[in-house]
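If you read the protein sequences in the order shown, they are chains A and B. End of the first sequence sits at 247 in this note's numbering; the numbers just go up one at a time, nothing left out. End of the second sequence sits at 937 in this note's numbering; the numbers just go up one at a time, nothing left out.
Don't read these hints as lab results, they were simulated from the structure. Possibly wrong hints are sitting among the right ones.
25 Å max Cα-Cα, derived DSS-like pairs, lysine-lysine [as the list claims (entries may be wrong)]:
hint: 1; chain 1: B; residue 1: Lys687; chain 2: B; residue 2: Lys493
hint: 2; chain 1: B; residue 1: Lys638; chain 2: A; residue 2: Lys102
hint: 3; chain 1: A; residue 1: Lys191; chain 2: B; residue 2: Lys837
hint: 4; chain 1: B; residue 1: Lys837; chain 2: A; residue 2: Lys101
hint: 5; chain 1: B; residue 1: Lys837; chain 2: B; residue 2: Lys795
hint: 6; chain 1: A; residue 1: Lys113; chain 2: B; residue 2: Lys680
hint: 7; chain 1: A; residue 1: Lys235; chain 2: B; residue 2: Lys738
hint: 8; chain 1: B; residue 1: Lys737; chain 2: B; residue 2: Lys687
hint: 9; chain 1: B; residue 1: Lys493; chain 2: B; residue 2: Lys559
hint: 10; chain 1: B; residue 1: Lys882; chain 2: A; residue 2: Lys111
hint: 11; chain 1: A; residue 1: Lys190; chain 2: B; residue 2: Lys923
hint: 12; chain 1: B; residue 1: Lys687; chain 2: A; residue 2: Lys235
hint: 13; chain 1: B; residue 1: Lys633; chain 2: A; residue 2: Lys102
hint: 14; chain 1: B; residue 1: Lys680; chain 2: B; residue 2: Lys525
hint: 15; chain 1: A; residue 1: Lys111; chain 2: B; residue 2: Lys673
hint: 16; chain 1: A; residue 1: Lys235; chain 2: B; residue 2: Lys923
hint: 17; chain 1: A; residue 1: Lys101; chain 2: B; residue 2: Lys493
hint: 18; chain 1: A; residue 1: Lys102; chain 2: B; residue 2: Lys493
hint: 19; chain 1: B; residue 1: Lys673; chain 2: B; residue 2: Lys638
hint: 20; chain 1: B; residue 1: Lys536; chain 2: B; residue 2: Lys673
hint: 21; chain 1: A; residue 1: Lys113; chain 2: B; residue 2: Lys687
hint: 22; chain 1: A; residue 1: Lys209; chain 2: B; residue 2: Lys837
hint: 23; chain 1: A; residue 1: Lys235; chain 2: A; residue 2: Lys191
hint: 24; chain 1: B; residue 1: Lys738; chain 2: B; residue 2: Lys680
hint: 25; chain 1: B; residue 1: Lys923; chain 2: A; residue 2: Lys191
hint: 26; chain 1: A; residue 1: Lys102; chain 2: B; residue 2: Lys673
Residue-level listing of the chains:
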Amino acid sequence: MSKIVFPAETLELVKKIIARYPEGKQKSALLPILHLAQAEWKWCSPEVMDYVASLLSIAPIEVYEVASFYTMFHLEPVGEHVIEYCRTGPCCLMGGVEVYDHLKKRLKINTGETTKDGKFTIKEVECLAACGWGPVFQIREKYYMHLTKEKVDEIIDELSK
Amino acid sequence: MKILTEHIDVPNIDTIDVFMKHGGYSAVKKALKKMTPDEVTEEVKKSGLRGRGGAGFPVGMKWSFLAKPEGVPRYLVCNADESEPGTFKDHYLMWKSPHTLIEGMIVSSFALGANTSYIYVRGELMYVINILEKAIQEAYDKGLLGKNILGSGYDLDLFVQPGGGAYICGEETALLESLEGKRGNPRNKPPFPAVKGLWQCPTVVNNVESISATSWIVNNGGDAYAAIGVGRSTGTKLISASGHIKKPGVYEIPLGITVEDFIYSDEWCGGIRDGHKLKAVVAGGSSVPILPAELILTTAAGEKRLMTYESLSDGGFATGTMLGSGGFVVMDETACIVHNTLTFAKFYHHESCGQCSPCREGTGWMDKVLNRIEHGQGRKEDIDLLVDVAKKIEGNTICPLGDAASWPVAAAIRHFRDEFEWHIEHPELATKPGAVFMREGASWTK
């Protein structure tokens, strides 16, 4: 990995985010900036977290303890596409278990694993607040709803191109 | 009667021009130019509006607790961390009509004397955060946010804060911790946020739907709002309907319609999917007690159950449930109660912040024991063990997550004990794919 520094336009955004809070309360920017960091470097490595700490003038441990608390931050390397499927009750009622089993078979990996070519990671997450449109998974910002085995195949085909 | 979703299907209602063409931001004009903050609060009190996040605490009363020491900033924080399984109404409202929330934020912030407000949105909804940020920029460009709004002398800055994926941050003090850039560990109360909230300043935290309703209340008066509904359940409520119904989705209902109408009428859920029968409902999000078909449709006293706070809780936990967040999960006879309870138990195990031992340890044990019952390794004494663990969590934690974790397990056993027993006594049958216990003589097995 090259030296960890945000591009100039992201640094501008970081400044704007910090300005949302009263002076001295810049730690409040931690979650928004961790999201930016993860978008930039795919996962929150210790080096990335140390960099985020330096941007906010807080101790690295303050970043580690937060990043490890929230499910969205990846503390291990992940694939190009992280598929996060909802395994909670309502999605299961709509046939989620079968659909997710199909996804795992199709990619030949289990939850928490990454395909050998580094293309896909599957993660199991809790309710994504889309229960009426289940089964649901999310890849980065995008929600994929009303999933069926066929739809899963189409999505994987499209992303494999 | 639609208050929040009247124009939700109008094309481009997420843009400020279309929103204003349909009467949007008229409440901001009225409140800031013709009313005092106390008058706005008074109307909200009169409306009887209750917190729509799940607790149902009167919004106007919560506002009146806000401390107002000289020279100390006050904050309004919108709780858009919607994460309770079965609930997706705030997601829907913010995605379709972001200005509805922003208008409510301006009116409510004005009433509270807040000059900076935040909308804390669960991080997974990054696309909704982008929608909100675009809408907020539009409101700034129209002079509806920023300095001296509409020449009224009132200033307000509004920001969106992303969460990081943690159900616990829907608990208001955990949310404030998170907004301060920390782990989402709930705080001990008192002090309440109204006295010491965000950065130790007086703060009100309200749900998306509650805040969004305040604009209509300003425009039409608290009495008009209170005229909708039944008794202390005033106004309309967004219900997130999911599961085995013909038309899952978000519906705005006037409080007071019957549960039967809500499930079977074409105006709402449209009935159970073809060829199936109603078995059970979780009426207010995963944490509220599950009820079997007969008890969700009628109370133990034989009256038709209504979609109100009072009617749904009629009979207490013995035979009733709660309106909660309005996460209405419907199950037909194909649903396995043990499996569904396990998914909820796993959820609470995963989402416990770990601060209080009864919750941290208890949710883990419930998950483990339910898991072995589901997989054919249950023991006879497991059912009573689950009841015992649930009882030891309830009421013994800093925040309500402990209660939320224990109620669904206790209620599933209360109403479907035979189903758990069947899993334990007949593991060879229960572990077959798709196998579901059929209670003899039940309305859903006939």
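Tested hints:
1. Restraint check for Lys687 (chain B) and Lys493 (chain B): not satisfied, since their Cα atoms lie roughly 36 Å apart, outside the 25 Å limit.
2. Proximity of Lys638 (chain B) to Lys102 (chain A) is assessed by CA-CA distance (about 18 Å); at most 25 Å being required, the pair is judged to hold.
3. The straight-line distance between the Cα atoms of Lys191 (chain A) and Lys837 (chain B) is roughly 23 Å, inside the 25 Å bound, and the hint therefore holds.
4. Between Lys837 (chain B) and Lys101 (chain A) the CA atoms are separated by roughly 39 Å; this puts the pair beyond 25 Å, and the hint is violated.
5. Note on Lys837 (chain B) and Lys795 (chain B): the hinted pairing is violated, with a Cα-Cα distance of about 33 Å set against a maximum of 25 Å.
6. Taking the CA atoms of Lys113 (chain A) and Lys680 (chain B), the gap is near 23 Å; set against the 25 Å cutoff, the hint holds.
7. With a C-alpha separation of about 21 Å, the suggested pairing of Lys235 (chain A) with Lys738 (chain B) holds against the 25 Å cut-off.
8. Between Lys737 (chain B) and Lys687 (chain B) the alpha-carbon distance is near 46 Å, which puts this suggested pair outside the 25 Å criterion.
9. A hinted pair counts as satisfied when its Cα atoms are at most 25 Å apart, and Lys493 (chain B) with Lys559 (chain B) does not qualify at roughly 35 Å.
10. This hinted pair does not check out: Lys882 (chain B) and Lys111 (chain A) have alpha carbons roughly 40 Å apart, beyond 25 Å.
11. With a CA separation close to 21 Å, the supplied pair Lys190 (chain A) and Lys923 (chain B) stays within the 25 Å bound.
12. Between Lys687 (chain B) and Lys235 (chain A) the CA atoms are separated by roughly 50 Å; this puts the pair beyond 25 Å, and the hint is violated.
13. A C-alpha spacing of about 21 Å is found between Lys633 (chain B) and Lys102 (chain A), which places the hinted pair at or below 25 Å, so the restraint holds.
14. Between the alpha carbons of Lys680 (chain B) and Lys525 (chain B) the distance comes to roughly 37 Å, so the proposed pair goes past 25 Å and is violated.
15. The suggested pairing of Lys111 (chain A) with Lys673 (chain B) holds, with an alpha-carbon distance near 12 Å, which does not exceed 25 Å.
16. Distance hint between Lys235 (chain A) and Lys923 (chain B) is fulfilled; the C-alpha atoms sit about 21 Å from each other, no more than 25 Å.
17. Restraint check for Lys101 (chain A) and Lys493 (chain B): not satisfied, since their Cα atoms lie roughly 41 Å apart, outside the 25 Å limit.
18. For a cut-off of 25 Å, the pair hint linking Lys102 (chain A) to Lys493 (chain B) is broken: about 38 Å separates their Cα positions.
19. About 30 Å separates the Cα atoms of Lys673 (chain B) and Lys638 (chain B), which puts this hinted pair outside 25 Å; it is violated.
20. For the proposed pair Lys536 (chain B) and Lys673 (chain B), the alpha carbon gap of about 33 Å is over 25 Å, so the pair is violated.
21. Between Lys113 (chain A) and Lys687 (chain B) the CA atoms are separated by roughly 18 Å; this keeps the pair inside 25 Å, and the hint holds.
22. With a C-alpha separation of about 15 Å, the suggested pairing of Lys209 (chain A) with Lys837 (chain B) holds against the 25 Å cut-off.
23. For the hint pairing Lys235 (chain A) with Lys191 (chain A), the CA-to-CA distance comes to about 11 Å; that is within 25 Å, so the pair holds.
24. Pair hint Lys738 (chain B) plus Lys680 (chain B) does not hold up; C-alpha atoms about 41 Å apart against a cutoff of 25 Å.
25. For the suggested pair Lys923 (chain B) and Lys191 (chain A), the alpha carbons sit about 20 Å apart, so the restraint of at most 25 Å is met.
26. A distance of roughly 20 Å separates the Cα atoms of Lys102 (chain A) and Lys673 (chain B); the hinted pair therefore holds under the 25 Å criterion.
Violated hints, in rising order: 1, 4, 5, 8, 9, 10, 12, 14, 17, 18, 19, 20, 24; the structure is consistent with all others.
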